[in-house]
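Engineer: Sequence:
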Amino acid sequence: RVCVTRGRDGAALLCTNWNDFFESAGYKSIFLEHAGYSSIFESKNNDADTVGAGDAFLAALVNSLLVENEAPSRALERACALGGYVASRRGATPEHEDAPDDLKRVFSP
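Position 29 of the sequence shown, counting from 1, maps to 45 under this note's numbering, and the rest follow consecutively.
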């Protein structure tokens, strides 16, 4: 798997033979892009920073792909959502209680 982050413009993910269903369907690889959530989580003030956004993105991606065994499209969506949220808040570990409904929707089952 290879992932390229694009900051406020989302990310791209290339997966090769990521599960048995994928292989049985005859696919050799899948390339996905996500435009990101910069417009949803745009900061209303200048206090926001990007510290921790990449770490949050990667944590969500790795958890979704390797721990939860989710589809790459879902993993990329979650990673972009969390990275975008963290980038829109001050500090590397913002409180999630105040997270917008759009973020909560992406992480609900």
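Think of the hints as simulated: they come from the structure by calculation, not from any bench.
For glycine and all other residues, C-beta sits at the position ideal for the given N, C-alpha and C.
A portion of the hints provided could be inaccurate.
As the list claims (entries may be wrong) - Simulated restraints, written as ranges between beta carbons of each label pair:
(1) 20 - 82: 27 to 37 Å
(2) 45 - 114: 18 to 28 Å
(3) 78 - 51: 13 to 23 Å
(4) 74 - 113: 32 to 42 Å
(5) 109 - 44: 30 to 40 Å
(6) 117 - 45: 13 to 23 Å
(7) 109 - 32: 25 to 35 Å
(8) 32 - 113: 21 to 31 Å
(9) 45 - 113: 21 to 31 Å
(10) 124 - 46: 20 to 30 Å
(11) 86 - 114: 21 to 31 Å
Engineer: Evaluate each hint against the coordinates.
Structural biologist: Hint check:
1. 20 - 82: 27 to 37 Å: violated, 18 Å
2. 45 - 114: 18 to 28 Å: violated, 39 Å
3. 78 - 51: 13 to 23 Å: holds, 21 Å
4. 74 - 113: 32 to 42 Å: Because 23 Å falls outside the window, the suggested range is violated.
5. 109 - 44: 30 to 40 Å: holds, 39 Å
6. 117 - 45: 13 to 23 Å: At 34 Å between Cβs, range violated.
7. 109 - 32: 25 to 35 Å: With Cβ atoms ~33 Å apart, the hint holds.
8. 32 - 113: 21 to 31 Å: violated, 39 Å
9. 45 - 113: 21 to 31 Å: About 39 Å separates the Cβ atoms of residue 45 and residue 113, which means 21 to 31 Å is violated.
10. 124 - 46: 20 to 30 Å: Since residue 124 and residue 46 have Cβ atoms about 24 Å apart, the given range 20 to 30 Å holds.
11. 86 - 114: 21 to 31 Å: holds, 25 Å
Checked against the numbered hints above, the structure breaks hints 1, 2, 4, 6, 8 and 9 and satisfies the rest.
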